[in-house]
Amino acid sequence: MQRVLASARRLARPWRPLPARSCASAGAARDPEIQVRALEGPDQGITEILMNRPHARNALGHVFVSELLGALARLRDDRHVRVLLFRSGVKGVFCAAAFPAPTIAAMDGYALGGGLELALACDLRVAASSAVMGLIETTRGLLPGAGGTQRLPRCLGVALAKELIFTGRRLSGTQAQALGLVNHAVAQNEEGNAAYHRARELAQEILPQAPIAVRLGKVAIDRGMEVDIASGMAIEGMCYAQNIPTQDRLEGMAAFREKRPPRFVGE
Numbered sequence: 001m002q003r004v005l006a007s008a009r010r011l012a013r014p015w016r017p018l019p020a021r022s023c024a025s026a027g028a029a030r031d032p033e034i035q036v037r038a039l040e041g042p043d044q045g046i047t048e049i050l051m052n053r054p055h056a057r058n059a060l061g062h063v064f065v066s067e068l069l070g071a072l073a074r075l076r077d078d079r080h081v082r083v084l085l086f087r088s089g090v091k092g093v094f095c096a097a098a099f100p101a102p103t104i105a106a107m108d109g110y111a112l113g114g115g116l117e118l119a120l121a122c123d124l125r126v127a128a129s130s131a132v133m134g135l136i137e138t139t140r141g142l143l144p145g146a147g148g149t150q151r152l153p154r155c156l157g158v159a160l161a162k163e164l165i166f167t168g169r170r171l172s173g174t175q176a177q178a179l180g181l182v183n184h185a186v187a188q189n190e191e192g193n194a195a196y197h198r199a200r201e202l203a204q205e206i207l208p209q210a211p212i213a214v215r216l217g218k219v220a221i222d223r224g225m226e227v228d229i230a231s232g233m234a235i236e237g238m239c240y241a242q243n244i245p246t247q248d249r250l251e252g253m254a255a256f257r258e259k260r261p262p263r264f265v266g267e
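Last residue of the sequence shown: 267 (the UniProt record's numbering), numbering continuous.
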């Protein structure tokens, strides 16, 4: 219990500005496999991570994983990042680790093996109805090794997760939504990016909400799922207490009294 509480405190620590937003190594001759873009205008607060490893269809290579972890480390304390959206730069292929802000995976094509395991690491998942996903490692003489055996049963339940892993079954986006594996399934468009657009709409719904409260809500859910209900309630209480002194809480109450939209600043 102490370990879980300490982890929750660490994840809920105060934010610090991020001075640099590029994740490419200095002097690199190749294009980075992970590219970061902060959206502007009405989408300000949404940061995209574009996965671009076309020669390997976004397979989890050493450089790919290293750049992904580096990007996440650089972004995790940036208070300007309210929602992190993962998308693929390789048409038809999707391929985040623990991150304090909400994360959304947009799956417009294939998300097989490690690709689905990365999506399972995100908080929310959006897929094209024609997308194909599955933990197919057993069809290759392997077993999931990037979190699939742990995250899939937490998402779908033990029996169904075992069935999908034992059989290596592939699911469409529509089937995945019916099982609860993805939050939304949308008809694919001619450009092949319908899931990305739906994921951005979902991110836009999150943007106006109090960012500290959202992050602490994520901590309470994630850490609470690891323990019994009594310990989970203690974690929720700790997160609730951390939110009490924030300016955003006072702003939310004032906006309610004054019958106006709140203006949250993440402080």
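Hints listed in this document are in silico derivations from the structure and should not be mistaken for laboratory results. Cβ atoms here follow ideal geometry from the backbone N, Cα and C, with glycine treated the same way. You may find that some hints are simply not true.
[Claimed, not checked] Derived DEER-like restraints, expressed as beta-carbon distance ranges:
#, residue 1, residue 2, range
1, Phe256, Ala230, 44 to 52 Å
2, Phe256, Leu142, 47 to 55 Å
3, Ala159, Gln247, 19 to 27 Å
4, Gly180, Val65, 46 to 54 Å
5, Gln247, Thr149, 39 to 47 Å
Structure-based check of all given hints:
1. Phe256 x Ala230: 44 to 52 Å: 32 Å, violated
2. Phe256 x Leu142: 47 to 55 Å: Taking Cβ atoms as reference, Phe256 and Leu142 lie about 53 Å apart, which means the hint holds.
3. Ala159 x Gln247: 19 to 27 Å: 46 Å, violated
4. Gly180 x Val65: 46 to 54 Å: 27 Å, violated
5. Gln247 x Thr149: 39 to 47 Å: Holds, since Gln247 and Thr149 (Cβ atoms, about 42 Å apart) stay within the stated range.
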